[in-house]
Each structure stands twice: as structure tokens, then as C-alpha cells.
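Protein sequence lines correspond, in order, to chains W, G and S.
Just so you know, the first sequence maps onto residues 3 to 268 in the numbering used here.
Just so you know, the second sequence maps onto residues 3 to 268 in the numbering used here.
Just so you know, the third sequence maps onto residues 3 to 268 in the numbering used here.
It does not matter which identical chain is meant; a pair holds if it fits inside one copy or across any two.
Here are the simulated lysine to aspartate or glutamate pairs, DMTMM-like style, with alpha carbons at most 25 Å apart: (1) K268 with D213; (2) K116 with D221; (3) K34 with D125; (4) K230 with D46; (5) K63 with D156; (6) K262 with D207; (7) K63 with D125; (8) K230 with E252.
The hints are simulated quantities; they were obtained by calculation from the structure and are not laboratory data.
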Amino acid sequence: MRIITFLSDFGLKDGYVGSVKGSILSINPSVKIVDISHEISPFDIRTGAYSILTYYNYFPKNTIHLAVVDPGVGSQRLPVIVKTANYYFVGPDNGLFSYIIQNEGYSAYAIQTKYLQQIKGIDFPVSHTFHGRDIFAPVAALLSKNIPLMQMADNITRNLESVPDLLEITDNRIITGVLTVDRFGNIITELRINTLDRLLKAEIDQVRFKDHIFRKLNDTYSAAQTGKPLVLWSSSGFLEIAVNQGRADEYFNLDRTRDKVEILLK
Amino acid sequence: MRIITFLSDFGLKDGYVGSVKGSILSINPSVKIVDISHEISPFDIRTGAYSILTYYNYFPKNTIHLAVVDPGVGSQRLPVIVKTANYYFVGPDNGLFSYIIQNEGYSAYAIQTKYLQQIKGIDFPVSHTFHGRDIFAPVAALLSKNIPLMQMADNITRNLESVPDLLEITDNRIITGVLTVDRFGNIITELRINTLDRLLKAEIDQVRFKDHIFRKLNDTYSAAQTGKPLVLWSSSGFLEIAVNQGRADEYFNLDRTRDKVEILLK
Amino acid sequence: MRIITFLSDFGLKDGYVGSVKGSILSINPSVKIVDISHEISPFDIRTGAYSILTYYNYFPKNTIHLAVVDPGVGSQRLPVIVKTANYYFVGPDNGLFSYIIQNEGYSAYAIQTKYLQQIKGIDFPVSHTFHGRDIFAPVAALLSKNIPLMQMADNITRNLESVPDLLEITDNRIITGVLTVDRFGNIITELRINTLDRLLKAEIDQVRFKDHIFRKLNDTYSAAQTGKPLVLWSSSGFLEIAVNQGRADEYFNLDRTRDKVEILLK
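The following block holds chain W by itself, in its conformation from the complex:
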């Protein structure tokens, strides 16, 4: 039983998501398609990249992660397959896999339409505007049928694209921008517990955000009083500013693109 997860910014008011699923099931009717989200804001590659990180390694080995947030469809950006120890990722090379390739070893492959068109029993009429349906979906479906990757793509030796880094690390201070704001208004920063522990071998002394100083991190939202802010490691290991049973974005009147969080290290 193979699994294809599916993340996109297609929204759910059109038939786009449906046509991608149809395209997959026409090639492999027995694959299990798992919807992750189709509500990534249009073209918000960074939030897409973050989302992938929050779910990918909860899935069984050999799961194929299809992810399409693709403002540059039809331009020169490459359609790619990224292979890690346990998973395949299929989507555009535009930074969407930034946090995955920071996380672990990988190899990358550029999908070649001309190879796809040589695979027997499948038509590949490629539109210029909808690679999700016409390239990425069939590639994910073919991988789920154990078609060897090299029949679809060529190895890439250069680095994949990454979203610009939001972290500035100095001696005993880290400045980070806001990575994303989740459904509950929690402010997710780009500082990861891994970065702190493994790379910096540091501990946090205090966190400063706007006029607020947090002198310790908490474990649960309910450690703060109702309506009061706290800092904690998010369930996916990013430093997060939250408000117990409230919205941190509103509490702090967040300017998502300008506001910075300052972390002082011990």
C-alpha cells in the first residue's frame, strides 16, 4: 500500500486539486492519496516549506510527498524529485524543499518531460500552466508504481534552491524573523531546537519580542495564564511565541514581515 501525500496552494474552491488527484489515480488507481493542505497562501513558498517539515517524517518509509506551490510555473525553474533516506519529494525547485535539505542528506533529480513521454501506456500532454496536474502528479504516481527514478529524471549536482535565511547568529545573540503564523495565531520563528542544540550547543537565557522579555521557556500553553504570552518549542521543534487560549499575532499586533525576535544565549 503506497502513499502519496499532497500539499498545495490550489485552494478548495476550484477543481484543480481534483484534476491532480485524477491524474494520479489514472496511473495508479490503488495508491492512497493523503490530503495535507491546499490552503497554503498563493505563492507562499516559505510557509509551504515549513509545513512539509512538520509532517513528512510522521509517514511510513517510502511515502511520496507531492508538494506544489509554484509561482514560476512555465518559467525556467526545474521540476524535481528529491530523495532522502526514507522519502521521495516531488515538486518545483524554488525553495519549497529548503528545510528538508537542511534536515538530512538527499539526492536531487531534474524531471525530464521527454523521458516521461517515452514511458509506455501513458500520455503526457504537458500544459504550460499546470505542471501540478501534468508533470508532478504523474511522476508521483509512477514512483508509487516503482518505476525507477532514472527513467524520469537526471541527477542534479548543483545545490537546490533555498528560501532566504531569516536567522542572524552572533556570539551570544540570535535574531530571527517570523517564519509563519499558524491557524491559532502562534508566531513561529526560524530558530530550530536542532540548530541550537547541535550547531550552537547553546542554551537560551531570554527571549525578547517587542516590549516583552521572556526569562524562561515553557512546556505547555497552559503554563501561562489564560490570555498571557509565553515562549516554547513548537511541536515540530521551532521556537514559537504563543498566547494561552488566545492569538499571539493579535496580542503583539504582529507585523509579519518586519518584526524580529531576539534570543539571548547563556
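Fit chains G and S to the supplied structure of chain W, relying on the hints for placement.
Showing chains G and S alone in chain W's frame:
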């Protein structure tokens, strides 16, 4: 073929829903996960409770209903399994199962993390902030693999939590608050046809809402003129105020927390 | 492995979608239900009709397409099954299948509740307000179990309902209204490439919209400068006005019901 339904307030703009699904499929890759809704308003336990009632008994016997609307995650509220004649329910004990336990006989069990950690072949690193992914999902998955409930939980003898009752019943009059407003603007009250028929053995004489008096109930929306209001039993058996091809919430300028519906009995 | 796709305007904040899925799985627990969209605007039959067209023929042969946008539920509109060479469609006869029946040959059948009630082993308590759950879902499920169509429905000889045509075609000029606006703000017109090629055997000279004249069609969004408008054939073959990495609806300050697009032919 076992089925797990999945309702939450996680929204669809983050990877939360995805990680819960991954957590389930890692334990039982062949289970069928059925999305119900992830758009319950954050922390709106009552609407969650109502929604469960509208779908749970349309599913095949032995379906596992996973439901997570959990403002108190990490606090003292219990993670529970509720078992009825035909179904299992997995989620927090915070009122989310209020209408189910009004509806039929049940037994309840408190999930014990320490038991879960003794089950072979599965890791249970429990985060403090995301029990949906780390406790409820694995429990639902283990139930779908026929792991006995008592290997995961202890019987609870006290009553489960309930949301506060919105009904005031006097001799020949019922006052009810607004339970929820659905997608189409229909106003759902907390009066159920079962309550009226079985408990009260009464019939409705008239329904009053704001300056409007409804002297009879209708069977279909189209019984009223286009744009005009009517009262009917909703498809799930709750008293509902609707507007034919319009929105009752806008028509009546609804104040959802304050407005009351008055029902006079024959 | 049979597939039922499911499109509706039920939204995802209630349990409606869930109860439809339960109703299907109670009859056929092994069918694969594929969510298309439940975010069609309430009662927006035309957008529903367009959406169906964008996905239906990407699915494997024999897929059953369940589609419910049903403002007239409980009124005289017929519940129908539409059969084309490769697919079944189940839903209300209110124009929702307009673009399908323009597209290809079909036969149509009126669902008869009294026939359904004679099918062994299944209960059919039909609500007056929720045919999606009580009629369309069971019919789709029964089709997926290969119950012959004629045990559920009678042949219809009259034409099915269609949404009003938005196209005015004169000698060398086509005027079209706006069919829908997609998630990305792209303006979809009702002119199809098939209509132009096959019926009119014409080519486009220029497209006029508001104070803008487009002297050629492009192949990809990125053919225009970032933030600039262009005209292209959409991925489902409709004439579309778009803005590269922007929203055409905002760029043109679109009045969706009044604005017209003018196409001059060579």
C-alpha cells in the same frame, strides 16, 4: 477495512492535519482515514460536539471517530476513549462528546501514556502541545488494529464533561440558545426532536424569534418563499431557523451568544 | 477499486460532508472517496459546473462523479444520474452538468426513491432537506457496487437543465461574461478552445477587456512581466485573463456579474 474519521479545529493552512494522518498511517498503513472537517473554529467545543452528532451514526459499525478540539492540551483534561454500541470515539474529555453521551449508552476510558509506551514496536515521544498527533492518532490507529482498549486505557467511572446546557424547559415553554450557525447561515438551536418526542411527549404550537412568530413548522426550505424565513427540523434532528435560498443569520441580524429562541408547546 | 469523487458547496465547518461520506461507506466500505472541493460558494451552480469540467476526465474510466450544489433541494428539481462513455455523474438536475452535456454524448436517468426503497439490505429514510446524504450518496455507492442503474432510475428523454449561456457570438466578434474567478484571481471566461476551433474554425485577433487590448495570447503566466496582465487558454481550455504572479480580478477591479470580455476574430 477499518475506518477512522477525523474532525479537528486544526485548519488547513498548516501541516498539523498531515502529521496526525502520518502518525496514524505509520501504525496502520491500510486504515481508511476519512476527513470530516478541520475548520471547526479554534476551540469551539460546542460546534465540534454538534458536528460529531451529525455524522457519526452514518458510518459502518466499528468505525473509530477521532475528534480533536482541544484548547486545554497539556493541562489536566483527560485524553479519553468513549465506546458506544457501534463506535469508538477518541479525543479530549472537555465536552466534545456531550451530545453523543446524551444520545446513547456508553463506557469511557482514560488513555494512559505509560501503557502506550509498553506496546511493542511503537515509539511514543509525547509532546506537551500536540496530543492530536502524539496520543489521539496512535490510539485511534491501535484500535483500528484491534489492540484491546484495556491495553491503552483505564475505565472511568465518573461522568464525562459536558458543554453547558442551552435549554430552559418550563411547563409549556422552551427557551433555547443558538447552538451553532451552519455554512448556509441556518440557525441551529439546541432543541432536538428526540427531546420533544420522547422526553416531553409534546408538540410545538409556535416558535418565536426576535419579532417573528412562526405558527407552523415546514418540511423543506422551499416551503417558504425565496428570501423568507421558516422553521424546520434540521437533517440531524435539531430545531432550525432558515431562510429559503438565503441566510437566516443575516436576515435576523443574529447575535449568536445572546439571542434566544422561544418555543411554545400545545 | 472503484472511485467516487465528491464535489459540493457544503463547506468544511459542519458535519455535512462527513455524513455523506458515512452514507456512502455504509453501503460500500471499500470504495475510494476522493474529495474534490466542498468550498463551491453556496448555491453557485455555474462555478460547480465549471469545476466538474476541469477534473472529470482525468479520472479512470468508470469513476462515479458525485456533485451536490443544490439550492432547490426538496423542490421539484429532479435527482439524476448522467452517464457518458466513461463516467457516471450523480446529483441534482439544475444546470450542474451543463458543461458536461455540451462536451459529449450522454444519457440521463431520473432517480426514483421508490425503487431505492426496494433494494434489499438498505434503509432509505429520505429527509426533505438533505438529498446529498439520503439520495445522492447511496445512489453513488450502489453504482460503485455495480447495482444496475435501471434498478434505481428511469430514463429521461427531455433535455437536462443548463445554466444560461454567457456567450454572444456574431460574425467576427464574441462577447463573453465572466464564468468564474479562480483561487489565484484569474478571470475565466465562457469561451472554450473547442468552441473556437471546432464550431467556429476561427482564430483570435485581439481580446479587449475594460480599457485593455491584448493583441496576442500567451502560453505561460511568466510570458508577461511580473504584475502585468495577459490572456491565455486556461489549463482546462477556457479563455482566461491573468496577471503574472498577481490577481487579475484586483488588477481590473472586476465586477464579476457585469463585466464583459470582447474577442475579435481574424
